[in-house]
Amino acid sequence: MARIIIVWGLWGPYHCRRLEVFRQHAGQAGHEVIGVSLFSGSQVNQWCASLLPKGVVHFNLGDDETSLPVRHIGSLLMLPRKLRVDIALLPSYDHWSLVLNAGVRMAGGRVVMMNDTHGGTARARGFKAAFKQRVVAGFHSGFVAGSPQRRYFASLGLPMEKIFTGYDAVDNDYFAARADEIRSQKSEVRSHYDLPERYFLSLGRFVEKKNLTTLIQAYRKFLDSSQNCQTHLVIVGSGEEGPKLHSLCQELRLPAYDKTWAGIENRKSKTENEPPGVHFYGFRQIEENPVFYALADAFILPSLWEEWGLVANEAMASGLPVIVSETAGCAEDLLESSDPMESLPLQTLTQSAQMGLLAKARINGFVFNPKSSDELSRAMLILNASPGLRRAMGQASRCIVEKFSCENFARNALLAAQAAQATTR
Numbered sequence: 161m162a163r164i165i166i167v168w169g170l171w172g173p174y175h176c177r178r179l180e181v182f183r184q185h186a187g188q189a190g191h192e193v194i195g196v197s198l199f200s201g202s203q204v205n206q207w208c209a210s211l212l213p214k215g216v217v218h219f220n221l222g223d224d225e226t227s228l229p230v231r232h233i234g235s236l237l238m239l240p241r242k243l244r245v246d247i248a249l250l251p252s253y254d255h256w257s258l259v260l261n262a263g264v265r266m267a268g269g270r271v272v273m274m275n276d277t278h279g280g281t282a283r284a285r286g287f288k289a290a291f292k293q294r295v296v297a298g299f300h301s302g303f304v305a306g307s308p309q310r311r312y313f314a315s316l317g318l319p320m321e322k323i324f325t326g327y328d329a330v331d332n333d334y335f336a337a338r339a340d341e342i343r344s345q346k347s348e349v350r351s352h353y354d355l356p357e358r359y360f361l362s363l364g365r366f367v368e369k370k371n372l373t374t375l376i377q378a379y380r381k382f383l384d385s386s387q388n389c390q391t392h393l394v395i396v397g398s399g400e401e402g403p404k405l406h407s408l409c410q411e412l413r414l415p416a417y418d419k420t421w422a423g424i425e426n427r428k429s430k431t432e433n434e435p436p437g438v439h440f441y442g443f444r445q446i447e448e449n450p451v452f453y454a455l456a457d458a459f460i461l462p463s464l465w466e467e468w469g470l471v472a473n474e475a476m477a478s479g480l481p482v483i484v485s486e487t488a489g490c491a492e493d494l495l496e497s498s499d500p501m502e503s504l505p506l507q508t509l510t511q512s513a514q515m516g517l518l519a520k521a522r523i524n525g526f527v528f529n530p531k532s533s534d535e536l537s538r539a540m541l542i543l544n545a546s547p548g549l550r551r552a553m554g555q556a557s558r559c560i561v562e563k564f565s566c567e568n569f570a571r572n573a574l575l576a577a578q579a580a581q582a583t584t585r
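Residue numbers (the working numbering): 161 to 585.
Derived by calculation from the structure, the hints in this document are not laboratory data.
No false leads were slipped in.
Computed list of lysine-lysine pairs in DSSO-like fashion (alpha-carbon distance at most 27 angstroms, straight line):
(1) Lys-419 with Lys-369
(2) Lys-292 with Lys-369
(3) Lys-369 with Lys-531
(4) Lys-419 with Lys-404
(5) Lys-214 with Lys-242
(6) Lys-381 with Lys-520
(7) Lys-419 with Lys-381
(8) Lys-563 with Lys-322
(9) Lys-288 with Lys-369
(10) Lys-404 with Lys-381
(11) Lys-520 with Lys-563
(12) Lys-288 with Lys-322
(13) Lys-381 with Lys-531
(14) Lys-531 with Lys-520
(15) Lys-404 with Lys-531
(16) Lys-369 with Lys-520
(17) Lys-419 with Lys-346
(18) Lys-322 with Lys-292
(19) Lys-404 with Lys-369
(20) Lys-381 with Lys-369
Between beta-carbon pairs, the in silico distance windows are:
(21) Ala-337 with Gln-184: 17 to 23 angstroms
(22) Met-320 with Ala-519: 26 to 32 angstroms
(23) Ala-582 with Glu-348: 51 to 57 angstroms
(24) Ala-189 with Arg-427: 51 to 57 angstroms
(25) Leu-228 with Asn-388: 52 to 58 angstroms
Every residue, glycine too, gets a C-beta built ideally from N, C-alpha and C.
Let the hints inform the model, and build the full structure from the sequences given.
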């Protein structure tokens with residue numbers, strides 16, 4: 161029997177379910193799993209502090225999970241010994257994680273790296289890159305997001321056979337069940353949230369890498385190419401680029417609707433029967449996000465770069481077709497390729513070929529160059545014109561994302577822990 165700890169700095173909506181299923185799988189194999197929480201806040205995420213489940217030990221190191229509180233280094237080094245750790249699953253390889261890494265080794269334990277970085281998001285150069293390679297090669301095993309991540313960490317010296325995938329998972333059952341429930345009462349929900357009858361959806365932080373300017377530009381081109389189109393664009397999120405996005409809408413002559421009140425205040429709709437435009441709903445917690453997924457036509461992840469993109473998992477579990485930047489870490493695994501002649505209807509094949517997107521078509525959506533608003537707008541046009549295609553791709557999404565379930569997370573996390581335990585170096 162091994163005592164395993166799994167550590168996240170700030171526990172958000174994804175981590176509790178992952179821990180629950182991991183503990184079940186590990187327990188069946190005779191192992192004990194303890195969750196470790198280290199911070200009470202974040203400068204990146206706006207999650208509400210989760211009620212930590214049973215089996216999680218909390219050490220409050222402050223309210224910024226991206227920092228390393230120097231005064232706590234000694235406590236971090238001693239933590240693995242206090243918890244009598246045999247195997248530790250640690251996110252990444254810097255700051256406080258690096259200190260815990262050293263503490264686990266001092267206590268005689270083994271260390272599994274959890275990570276979703278890939279070659280397209282790696283930023284270290286020179287000495288930092290050399291140091292990173294040395295640290296990564298020293299892990300006893302790896303548990304990473306998907307195929308691009310597995311190749312990347314193998315290139316840094318971690319043996320391929322000791323790298324397992326499936327790290328980035330959401331509670332698929334929750335999103336599927338909530339989406340179905342919301343669709344069963346769509347009229348009431350649509351009215352309560354003042355949602356358009358038809359819309360494309362994007363959900364995420366308003367920061368440069370999310371590439372929302374290209375999305376809005378693509379939406380303008382989409383409207384210009386669609387006669388009498390009544391499909392809107394709904395954007396859920398907030399951040400530093402908010403004023404810039406509103407200004408861009410004005411510049412492109414796009415109506416911009418402030419919906420930050422919707423679902424919170426009981427106001428009468430102000431946008432009913434208004435022309436298609438961009439609806440800004442502000443940041444929402446995970447409990448509300450299924451509302452936006454359930455009633456959308458399709459989901460768009462336009463990021464310039466993205467380690468993975470868990471919102472794509474959520475959208476797919478909700479049964480949506482997805483249009484995803486080809487530089488997002490999830491694109492290779494979550495948008496499955498196949499022979500388009502077998503997987504796409506003739507009308508879609510013809511449209512895709514005419515629009516130069518045949519190579520970008522996938523079973524459950526499209527990938528696109530995030531620097532090309534033209535490619536994105538063409539993918540939107542194809543999906544907008546075909547309800548049958550949207551349904552088929554949405555069904556395919558649910559099947560594909562099951563390969564990245566919390567159950568798969570638990571199985572492969574356990575395999576990574578066992579591989580680390582078997583490592584002799």
